[in-house]
Amino acid sequence: MSYIDIQNINFAYHPKRPILQNLSLSIDKGQWIAILGHNGSGKSTLAKAIIGLLEPDFGTIDIDGMTLSPTTVYEIRKKIGIVFQNPDNQFVGVTVRDDIAFGMENLGVPQAEMLEKIDFYAEKVGMKAFLDKEPAELSGGQKQRVAIAGILAMQMDAIIFDEATSMLDPTARRELMDYIRELHNEGLTIIMITHDIEEALWAQRLVIIKDGTVFRQGTREELLKEPVTFIEAGLELPVGLQISNALKQMNALSLELEEHLWESSLKK
Amino acid sequence: MKNVIIGQYIPGSSFFYHIDPRTKIIAVVVLMVATFLLETIWQVLIGFGIALILIIAGRVPIRKIVKGLKPLYVLLLFTLVFQIAFNRVGTIVLDATMQISPFSILFMIAATIIWRLLASFKKFSLLLFFAYLVGLFFIMKNLAFSPLWTTWQLTIYDQGLIMSGFVIIRLLIIITLSTVLTLTTKPTELTQGLESLLRPLKAIGLNSEDFALIISISLRYIPTILDEANKIMNAQASRGADFAEGRLKDKVVQVISLLVPMFIIAFKRSEELADAMESRNFVPGKPRTRIHDLKFNYRDLITTVITVLCLAGSILVKVL
Amino acid sequence: MGIQFKEVSFQYPGWGKQFFEALKDISLTINDKDEFIALVGETGSGKSTLAQHMNALIFPTSGTVEINGVPITAKRNKKIKYNSIRQQIGLVFQFPEYQLFEETVEKDIMFGPKNFRVPEEEAREMAKKALNMVGLSDKYLTRNPFNLSGGEKKRVSIAGILAMNPKILILDEPTSGLDPAGKKLLMNLFKSIQKETGKTIIIITHDMDLVYEYTNRVLVLNEGMLEFDGTPDYLFHRHDIDKWHLDYPATISVLRAINDKFRYNLDIYQKTIDAAVSTIAKAVQS
Numbered sequence: 109m110s111y112i113d114i115q116n117i118n119f120a121y122h123p124k125r126p127i128l129q130n131l132s133l134s135i136d137k138g139q140w141i142a143i144l145g146h147n148g149s150g151k152s153t154l155a156k157a158i159i160g161l162l163e164p165d166f167g168t169i170d171i172d173g174m175t176l177s178p179t180t181v182y183e184i185r186k187k188i189g190i191v192f193q194n195p196d197n198q199f200v201g202v203t204v205r206d207d208i209a210f211g212m213e214n215l216g217v218p219q220a221e222m223l224e225k226i227d228f229y230a231e232k233v234g235m236k237a238f239l240d241k242e243p244a245e246l247s248g249g250q251k252q253r254v255a256i257a258g259i260l261a262m263q264m265d266a267i268i269f270d271e272a273t274s275m276l277d278p279t280a281r282r283e284l285m286d287y288i289r290e291l292h293n294e295g296l297t298i299i300m301i302t303h304d305i306e307e308a309l310w311a312q313r314l315v316i317i318k319d320g321t322v323f324r325q326g327t328r329e330e331l332l333k334e335p336v337t338f339i340e341a342g343l344e345l346p347v348g349l350q351i352s353n354a355l356k357q358m359n360a361l362s363l364e365l366e367e368h369l370w371e372s373s374l375k376k
Numbered sequence: 043m044k045n046v047i048i049g050q051y052i053p054g055s056s057f058f059y060h061i062d063p064r065t066k067i068i069a070v071v072v073l074m075v076a077t078f079l080l081e082t083i084w085q086v087l088i089g090f091g092i093a094l095i096l097i098i099a100g101r102v103p104i105r106k107i108v109k110g111l112k113p114l115y116v117l118l119l120f121t122l123v124f125q126i127a128f129n130r131v132g133t134i135v136l137d138a139t140m141q142i143s144p145f146s147i148l149f150m151i152a153a154t155i156i157w158r159l160l161a162s163f164k165k166f167s168l169l170l171f172f173a174y175l176v177g178l179f180f181i182m183k184n185l186a187f188s189p190l191w192t193t194w195q196l197t198i199y200d201q202g203l204i205m206s207g208f209v210i211i212r213l214l215i216i217i218t219l220s221t222v223l224t225l226t227t228k229p230t231e232l233t234q235g236l237e238s239l240l241r242p243l244k245a246i247g248l249n250s251e252d253f254a255l256i257i258s259i260s261l262r263y264i265p266t267i268l269d270e271a272n273k274i275m276n277a278q279a280s281r282g283a284d285f286a287e288g289r290l291k292d293k294v295v296q297v298i299s300l301l302v303p304m305f306i307i308a309f310k311r312s313e314e315l316a317d318a319m320e321s322r323n324f325v326p327g328k329p330r331t332r333i334h335d336l337k338f339n340y341r342d343l344i345t346t347v348i349t350v351l352c353l354a355g356s357i358l359v360k361v362l
Numbered sequence: 035m036g037i038q039f040k041e042v043s044f045q046y047p048g049w050g051k052q053f054f055e056a057l058k059d060i061s062l063t064i065n066d067k068d069e070f071i072a073l074v075g076e077t078g079s080g081k082s083t084l085a086q087h088m089n090a091l092i093f094p095t096s097g098t099v100e101i102n103g104v105p106i107t108a109k110r111n112k113k114i115k116y117n118s119i120r121q122q123i124g125l126v127f128q129f130p131e132y133q134l135f136e137e138t139v140e141k142d143i144m145f146g147p148k149n150f151r152v153p154e155e156e157a158r159e160m161a162k163k164a165l166n167m168v169g170l171s172d173k174y175l176t177r178n179p180f181n182l183s184g185g186e187k188k189r190v191s192i193a194g195i196l197a198m199n200p201k202i203l204i205l206d207e208p209t210s211g212l213d214p215a216g217k218k219l220l221m222n223l224f225k226s227i228q229k230e231t232g233k234t235i236i237i238i239t240h241d242m243d244l245v246y247e248y249t250n251r252v253l254v255l256n257e258g259m260l261e262f263d264g265t266p267d268y269l270f271h272r273h274d275i276d277k278w279h280l281d282y283p284a285t286i287s288v289l290r291a292i293n294d295k296f297r298y299n300l301d302i303y304q305k306t307i308d309a310a311v312s313t314i315a316k317a318v319q320s
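Residue numbers (the numbering used here), protein chains in the order written: chain S, 109 to 376; chain H, 43 to 362; chain F, 35 to 320.
These aren't lab readings, by the way, just hints derived from the structure by calculation.
Keep in mind it's a predicted model, so treat the numbers as computed, not measured.
Heads up, the beta-carbon is just placed ideally off N, CA and C, and yes, glycines get one too.
Be aware that one or more of the hints could be misleading.
Here are a few chain F residues that face chain S, going by a calculated C-beta distance under 7 Å [what the hints assert, rightly or not]:
1) Pro-214
2) Ile-307
3) Ala-309
Hey, can you work out the whole structure from these sequences and the hints?
Given below as structure tokens:
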């Protein structure tokens with residue numbers, strides 16, 4: 109049994125224009141999965157459905173053996189956290205400390221335990237020196253790390269990153285990606301929602317969403333063998349792989365060169 | 043980047059900073075009530091003395107308090123003029139004939155010009171203003187020569203002066219007290235204190251926790267919204283919206299060009315914020331634990347004792 | 035004419051005597067014709083502050099910015115019509131949400147021209163022309179701007195500035211948040227606008243691939259200082275650009291890695307993927 113099991117979900121604000129259509133997907137515990145699609149493909153709607161921020165019109169979502177419903181949604185939100193795109197619009201607290209505490213306060217964690225955990229997880233995301241800072245004094249990348257600390261402090265199994273890097277500059281983006289890898293190594297399930305293929309290739313498994321449903325899925329190596337898949341889904345391969353594919357078509361690609369281009373494009 | 047800090051809070055570590063916000067709020071309210079019980083100029087002067095001692099002991103910058111008084115200069119001046127002009131009790135301290143003539147008007151115009159020219163020395167603006175008033179008085183009293191157009195009698199009674207002093211000092215005490223509160227208490231602590239104090243109102247259906255959360259989220263987003271308003275204004279200024287020099291007819295559209303984006307962005311933000319809060323297990327009305335705990339300590343005891351003594355003192359002088 | 039910065043510094047006010055120095059002693063000249071400039075640097079390096087000086091949205095703390103011959107200094111001069119400067123230098127902000135407000139795309143684009151007293155009919159004509167310039171057809175004129183996709187909103191917001199017919203067009207991170215197809219479309223649009231009209235275009239960006247492929251001049255800001263002003267070729271031939279927190283374009287990095295690994299001697303300075311591919315193919319086949 110998979111950790112997250114999505115069966116034929118459909119969602120629409122207007123019945124004529126479905127956003128999710130018969131989408132099925134399962135995600136194993138501890139996996140790092142990237143959900144990839146161009147703007148408007150429905151991938152963010154999927155993220156919201158998984159943590160019960162919107163209810164599918166039909167179809168079911170099972171998480172850790174529980175079927176998502178208005179009664180189980182609070183249990184499920186204790187297991188899966190989400191980091192959204194806009195760092196400013198998810199920073200609830202007046203200071204970093206208050207923001208990390210927010211989720212725990214909602215869960216009724218005793219104060220002494222909260223203080224301990226705030227220190228621990230702030231240290232972990234490198235924000236300990238900033239505990240008393242206000243959001244106006246922080247960069248976008250720092251705000252995203254505070255959001256992560258808040259989720260970690262609630263002892264979650266999985267984190268969804270919904271375009272979480274898209275408003276960051278390249279340096280902050282790289283730092284966040286490195287940090288996500290660390291979290292994955294510690295056993296967290298990572299669900300990355302993105303339209304950036306470079307980022308998606310950090311994941312073990314890719315799911316390409318197109319027109320509200322799963323277009324292709326598999327390991328990155330499997331999917332990259334058919335570059336046309338990405339083009340059809342409105343995505344663009346990393347430059348190294350584009351070069352490799354073009355050379356291959358011209359029969360100008362040696363085996364070593366191909367190996368090198370692939371290796372350097374797929375970060376571990 | 044730009045530092046937008048809300049409220050007047052200035053970081054510090056004196057006595058006042060370590061008092062529980064609830065104690066501070068109650069103490070300030072009680073002391074204000076006590077101030078209103080006072081009846082003579084001597085009593086308010088003593089009250090003001092106590093307030094000054096507290097400020098100095100708490101190392102609160104007096105400069106900041108003076109700054110807080112600025113919007114009230116007009117009110118203070120009005121009180122002074124009103125009391126001097128209409129209070130007709132007690133003994134006469136001044137009875138002067140004021141004369142208006144072409145000369146005195148000329149002199150007054152000259153004085154006004156000199157005053158305005160010197161006004162660039164902002165540091166002494168208040169002092170200059172009083173010098174100007176005294177100058178006007180002196181001109182009308184002594185520099186009229188002839189021909190006189192009209193004369194009037196300026197009569198000042200001692201009670202008028204005393205009453206205006208009384209009212210002004212009382213106002214000073216109240217402003218000083220509230221400024222000390224806002225200078226030494228973080229906005230978050232203030233909301234928490236209020237929340238805690240409003241808790242009994244649950245009986246009449248007011249959920250003080252939700253109320254406090256609303257206030258603290260508002261406080262948190264004020265700098266963000268200000269920053270955004272500034273950006274929107276710049277974006278529309280780039281399209282020729284001229285908020286300073288434009289025609290009135292255009293201004294209506296220009297104001298709309300600011301308000302619509304602000305509302306749309308704010309609406310989107312509130313939706314995203316609601317999602318973020320919900321996904322972090324927030325359920326309105328459900329009991330939560332709090333990271334900040336309000337605790338009374340010996341400082342609160344001292345504050346309470348001083349406050350009670352002040353109140354008792356003012357009741358005492360009222361009754362006796 | 036154009037824009038001249040003469041020893042410009044700018045400070046944001048802060049607590050007491052502290053302040054944040056966003057720009058330090060910047061001198062540079064921007065022509066109002068035929069330039070395609072990239073303004074790069076990490077977040078907080080002063081890029082946006084510099085851009086806002088270019089159309090007199092903010093005033094230097096010291097030094098002078100001369101915009102088409104009009105000097106802008108710390109002191110506001112009542113004789114200068116700052117507003118008309120903003121018509122000559124168009125600045126498009128990063129988020130279209132900051133400027134869209136009318137019920138139709140047409141009305142929204144007409145807002146700029148009308149602020150500069152252009153008659154209704156003429157403004158309508160300009161709006162149409164500007165919309166076509168950004169690659170949207172006339173049928174968009176009657177659409178509600180809030181119902182458009184992110185990329186379309188962005189293009190309408192650019193049209194709103196283009197309709198004022200500025201000599202210089204400045205765009206703050208125009209491609210951020212767009213997918214690869216949207217990015218390419220927009221960049222090609224800028225290129226064709228630049229070619230057809232001869233306007234100078236300045237983009238603020240973090241994307242070095244775009245800088246290398248499209249622009250002909252780069253300004254690098256780091257901690258408020260102008261560290262580099264020259265062609266992208268000169269910039270990427272340097273080996274120390276990481277001290278300004280810049281990356282190399284992907285084509286250069288990929289080709290450089292191939293050279294290192296296989297001891298080839300390829301010319302790594304290729305602006306496009308196609309050029310990189312043919313460079314490698316030639317080397318392999320010979």
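Structure-based check of each hint:
1. Using the Cβ-Cβ criterion of 7 Å, the hint placing Pro-214 (chain F) at the interface with chain S is satisfied: the shortest such distance is roughly 4 Å.
2. Below 7 Å, beta-carbon pairs count as interface contacts, and Ile-307 (chain F) has one with chain S at about 5 Å; its hint therefore holds.
3. About 10 Å separates the beta-carbon of Ala-309 (chain F) from the nearest beta-carbon of chain S, more than 7 Å, and the hint is not met.
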